[in-house]
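Once you've looked at the hints, dock chains X and P against the given chain C.
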Amino acid sequence: MNHSAKHLYLKRLVTSVLRMVGKKSQTLFGVSLLSFIAASCATNAPQDTWQPKGPNAKLIDDLQQPVFAVAGVIGLIVAVAVIYSVLKYKDRGQPIPEQTHGKPALEITLTIIPALILAVVAVFTFGAIFKLAKTDDTEMIINVTGQQWWWEYDYPVQNEFGITQPIISSGQLVMPVGTKVLLRETSRDVIHSYWIPALNGKRDAVPGRIQTLRLEADKPGIFAGQCTEFCGLSHANMRMEAVALSKADFAKWVANQQAAYVAPEKDSLAQQGEAVFLNQCVRCHQVNGLMRADGTPAIAAPDENVWAGAAPNLTHLMSRNTFAGASFDLLSKQCRDEVWNASSDTIGAKYLAGVSQDCLNQKDLRSWLRNAPEMKPMYANPTQLEATGGKYRGMPYLALSEDDISKLVAYLLTLK
Amino acid sequence: MAIIEREIEVMAPMVATPTSTYGVLKRPVAATGWRAWVFTVDHKKLGLMYGVTAMFFFIVGGVEALLIRLQLAAPNGKVLNADLYNQMFTMHATTMVFLFVMPMAAGFANYFIPLQIGARDVAFPRMNALGFWMFLFGGIFINLSWFIGGAADGGWFMYAPNSGPVFSPTHGIDFWAFGLQITGIASLTGAINLIVTVLNMRAPGMTLMKMPIFTWMMTVVQFLLLFAVPVITVALFLLSFQRNFGARFFDVAAGADPLLWQHLFWIFGHPEVYILVLPSFGIVSEVLPVFSRKPLFGYPFVVFSGAAIGFVGWGVWAHHMFASGLGPVSVAVFSLTTMAIAVPTGVKIINWILTMWGGKLVFSTAMKFSIGLIVLFTVGGLSGVTHSVAPSDTQQTDTYYIVAHFHYVLFGGGVLGIFSGLYYWWPKMFGKMLNERLGNWNFWLMVIGMNLTFGPMHILGLQGQPRRMYQFTEARSGEGLFNFAFWNLVASIGSFVLTIGILLFLINVVITARNPTKSPLDPWNSRSLEWMTSNPPKEHNFDVIPTVHHLDEFFHRKYEEDPATHTMRQIATAEEIMAEQERNADAHIHMPSPSYWPIVLAFGLPVITFGMIFSHLIAVFGAVIVFFAAFGWALEPSTAPASDFETNNSAPSTALDTVGKS
Amino acid sequence: MTDTTAHGHTSSTGISNVKLGMWTFLGSECLLFGGLISTYMLYRGRVTGGPRPSQIFDIPFTSVSSFVLLMSSLTMVLAVSAAHKGEDRKTNLWLTVTALLGATFVGGQVYEFTAFYNEGLGFSTSLFGSSFYTLTGFHGVHVTVGIIMLMSLVGIFKRSEVPGKKAEVVEMIGLYWHFVDIVWIIIFTLVYLIPV
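Protein chains in written order, with the numbering used here: chain C, 1 to 416; chain X, 1 to 662; chain P, 1 to 196.
Looking at chain C on its own, in the form it has when it is part of the complex:
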């Protein structure tokens, strides 16, 4: 974004305006005006609320732009009126003025004008509220469940999208573009809030309730979000990303999510990793299709170990770009930038490539496996579990050896 020329011009404009209004008011005025201008020189922050990338967010944006403008103008009028009276009616030895107690006609007029402005705003607001609450035009449903401190996505069977068996994922919400997606949100513990600013406003995920949020993306891309209802210790680390793929790419993603489990090659490091996984991780983390040595399916039992009852399903971990509740990137910085900065027609292919050995963010993943609570504050320390009857809230320290960690990483890399 090349804003510098415009920025300079505006800056000069502001300084000259400020010179006119006088020295004393400069700070009052200057700061608020400059703030506004600076806000308009947006910096491509990934959660910018003024850059809608879908019709729902656009609807909100179209509503808020004029409201902000009107509010700005009114603010300016008030500031100018105050500054004017300060300059004009300063005590210069004039006599004590007449003790007038007000002019009711003027007062009533000045009461009615803002009321009328607000009435107009109200009409448009009402329209938007009901449009954003519509659910009868839904084309696709995704269930979203919040839990301290990650999100689970569960795609119910929807044959028209090739989803013939439920898909359970976490961290990144993958959705087709140009499709009216309805999120059905709930929570397993405390209240969380789902927010992808580029696609829509936020909606709380409340335990015991199911609440809906419309999402639709115009073009393929990755859109950042963040849990916005304070949800305890690691609230700051509870992130999410929405990945919009073209319909064709989305079909490929669905196919991959439903692909059968591929066991690691015999006698490879990854196979040893599978053993470590079966020994340690499977207590909470499910990998669909994983078998124990005795040929029985390995079924995770997170409800026995985790207070809220679930842990992320890792079946296709390497098809995601993040881990640990989207707190960390699975992709190295360089590979991540390549995906994020890709144009909308190439981003799908880059995303679907998943995480290769070369692109893996080894450092963070290994640290996580070494001591997760040190990476992300969680109630996972044995001394903190009295209130939950010994159950964890978050991934505990597992005392894995460096060897085991290497094996595990090799194994996780096979979970494409």
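No wet-lab data here; the hints were simulated from the structure. C-beta atoms are modelled at their ideal positions from N, C-alpha and C, and glycine is treated no differently. Some hints could be false.
Covered, in the sense of this in silico footprint (three residues per stretch, anywhere, with C-beta under 8 Å from a C-beta of chain P), are these stretches of chain X [said to hold, decoys possible]:
1) 66-72
2) 81-87
3) 191-201
4) 226-232
5) 555-566
20 Å max Cα-Cα, derived EDC-like pairs, lysine to aspartate or glutamate [stated by the list, open to error]:
6) X:K432 - X:D522
7) C:K416 - C:D249
8) X:K78 - C:D358
9) C:K363 - X:E474
10) X:K78 - C:D364
11) X:K210 - C:D358
12) C:K333 - C:D294
13) C:K103 - X:E561
14) C:K333 - X:E636
15) X:K360 - C:D91
16) C:K90 - X:E436
17) P:K158 - X:E636
18) C:K333 - X:E479
19) X:K518 - X:E561
20) P:K85 - P:E171
21) X:K360 - C:D249
Chains X and P alone, transformed into the frame defined by chain C:
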């Protein structure tokens, strides 16, 4: 109750004290030294004690704010860990709301309402003392948790179920809930006391529509407290019963609805916002006319808009819950009511500007703070209007934009008003004027500091930085110079500028205390009754209770309109009016004696709640204290036999009872 | 002693400070009980395996104890009337009777709580249990505080002069007592009589 009596003399009334104490349970008589404060029931002393305590908690809350800003000065801050940060922002808000702004307003109300309505004390002086001590002990109780396992960490809004015993296993929230319960009772007693005082004890001739505007706004606040406090009381009881006695109120597994807490909290919480800003609106509405040398423009409009805010304030609570999932109909209704409440608020701003319009403006520090309030509160008010647009609010709620919004309302509106009041009334309270030069620096540093701190938060919020995050990351900060890191750093620097501004106030207080120069009797050429007495006022406030003929009675005793030119002509000085009063002083002025029981009773409450958390035996002990104190209170004699006084008994004892009995 | 306002004898409203104070306080109490009643109404059907309201309520028993409490309002009126006439002995008598009727009601509530507990409704059993005990418990505490105030009044009147204020104080406590009775009528109707 003790009696202060004197024979008619030309001098000001003297304080006569009983020669002995009386009654079975004796009341302290003519206490001196620290006893004069600890057992006092004098509304002015209690007002000052409220103020000093509130200032102390302001500093505590300020230090918490600075730690927050230090943590957020750069990405991935390491000053505080997640746990401590969560405690810090919870306690910052709790402290500032419940232990600074509310008691500071209570202090102003206590000190100035009786003076403004021409009364000698409040209706229930002992209950007034009880209120102060409960507030103090409640505040200390909440903060005790810092030293006993950690403070509350659920945010000041304390949403269920995150406030439950599973999710917050320390005792922080127990202390928080019980402590707020105690300060809540304090607010309630204060509200009852001041409502009765205002309704019943106005000087002759002072009709409601001749009442000073500060008293009016404070009265609205007391009604809001009267009806809002019991709602949070219920919510806090539900929370405490769940945490300490196994109730299931917010246990989702038992079928509980977490939104119950949100409704109860915000039915209290939104009127609370007006409880926090209306006192400052009252102060500004006093200060602007004085320094514009004009009456408040549209006094009835300001009164009714204040009352309207008080009423409509009850119908907007769910605008805090636009993202909670209320359904489109509720959202639309609360959207509309929220827009509606902007109208009376706008009326106030318009009236303030029109008060200055055509005036003769004197830019004292108090006036500067008031003018600053008009502009900065308007910023907060307008960002509030943008929130009433519910769809837009779902983008901005729980981001820094909201933090910016309510700090412009509560700091730009609330705190600037409080400082305006402090500068304006300082000579009244202490007989000395705060240094105006330092005051000027104080004002500008605070205003610049607050804009630097909270201004950038608008931008941060609109660019998507959520609140209540102990760290922000570079990955979500945006590109270029003006990214999150930049604006967060600006905000952090601003918070230190703001701190210097507030330190200057404290320095000013010390300098003023050491300066022997006394303030003139009427330093600002003021308009209302509180200035019609000495600085500081005598224990009995007025030598003679004035009969009121005008709004701005004091001004109209000093000035008269020239019917030809409509200009004002001085007919008397404040000193002359004062001398006139002293000549006509009342013969018998009866002030209530100090009492031991308010502080004892108030002390029993935190003992009970401490016991509720740790050991029921301690709670029983606390209950015994409360019970004993209540009986001591009830049995305390309200009148002394007339023979107890040195002076001639000119009145029968039954008539001697007095300003108030609580 | 010409200027009576100096001594706070006159009041702008014509109502004494204590009475106005009590009215104000009762206004606040309305919201307290409003909050508790709302909570109960929201949660009364949520029993999670514990007993349902209809399974444990003993309407005839509670009706009788409610009647006792209502009668205490009548005796309270008699006490206030006697106090205004300056009939000290009668005042004390009716205050004592009022307190005894109140105590009977509280006794009934204690019996009822014990019975419910034995039938399986504990404080932690269900949302219904928690909110039922909280609401009726709060009311019971109010009645108990009323009884303590009544008995204290009787005690104070016996031992000392309360110059000119006796009727005033009796009336003020009467206000409180009637309020607590009215609240019970609402609670009894909403909690016991209206089926879930």
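Hint by hint, here is what the structure shows:
Closer than 8 Å: that is the beta-carbon criterion, and the segment 66-72 of chain X has 0 residues meeting it against chain P, so the requirement of 3 is violated. Coverage of the segment 81-87 of chain X by chain P is violated [criterion: at least 3 residues with CB-CB distance below 8 Å; count 0]. Coverage of a stretch by a chain is defined here by at least three residues with a beta carbon nearer than 8 Å to that chain's beta carbons; for the segment 191-201 of chain X and chain P the count is 8, and the condition holds. Coverage of the segment 226-232 of chain X by chain P holds [criterion: at least 3 residues with CB-CB distance below 8 Å; count 6].
Only when three residues or more bring their CB closer than 8 Å to a CB of chain P does the claim for the segment 555-566 of chain X stand; here the count is 0, and the claim is violated. Our distance criterion of 20 Å between C-alpha atoms is met by K432 of chain X and D522 of chain X, whose separation comes to about 11 Å. This hinted pair checks out: K416 of chain C and D249 of chain C have alpha carbons roughly 16 Å apart, not beyond 20 Å. Between the alpha carbons of K78 of chain X and D358 of chain C the distance comes to roughly 31 Å, so the proposed pair goes past 20 Å and is violated.
Distance hint between K363 of chain C and E474 of chain X is fulfilled; the C-alpha atoms sit about 18 Å from each other, no more than 20 Å. About 18 Å separates the Cα atoms of K78 of chain X and D364 of chain C, which keeps this hinted pair within 20 Å; it holds. Taken as a hint, the K210 of chain X and D358 of chain C pair is broken in the structure, with Cα atoms around 80 Å apart against an allowance of 20 Å. Proposed proximity of K333 of chain C and D294 of chain C is contradicted: the alpha carbons are some 40 Å apart, above 20 Å.
Note on K103 of chain C and E561 of chain X: the hinted pairing holds, with a Cα-Cα distance of about 19 Å set against a maximum of 20 Å. With a C-alpha separation of about 76 Å, the suggested pair K333 of chain C and E636 of chain X falls outside the 20 Å cut-off, and the hint is violated. Simply put, K360 of chain X and D91 of chain C have alpha-carbon atoms about 5 Å apart, close enough for the 20 Å limit, and the pair holds. A distance of roughly 17 Å separates the Cα atoms of K90 of chain C and E436 of chain X; the hinted pair therefore holds under the 20 Å criterion.
Between K158 of chain P and E636 of chain X the alpha-carbon distance is near 15 Å, which keeps this suggested pair within the 20 Å criterion. About 15 Å separates the Cα atoms of K333 of chain C and E479 of chain X, which keeps this hinted pair within 20 Å; it holds. The straight-line distance between the Cα atoms of K518 of chain X and E561 of chain X is roughly 31 Å, outside the 20 Å bound, and the hint therefore fails. A threshold of 20 Å between alpha carbons decides the hint, and for K85 of chain P with E171 of chain P the separation of about 12 Å falls inside it, so the pair holds.
Between K360 of chain X and D249 of chain C the CA atoms are separated by roughly 72 Å; this puts the pair beyond 20 Å, and the hint is violated.
In summary, the structure is inconsistent with hints 1, 2, 5, 8, 11, 12, 14, 19, 21 from the numbered list given earlier, while agreeing with the others.
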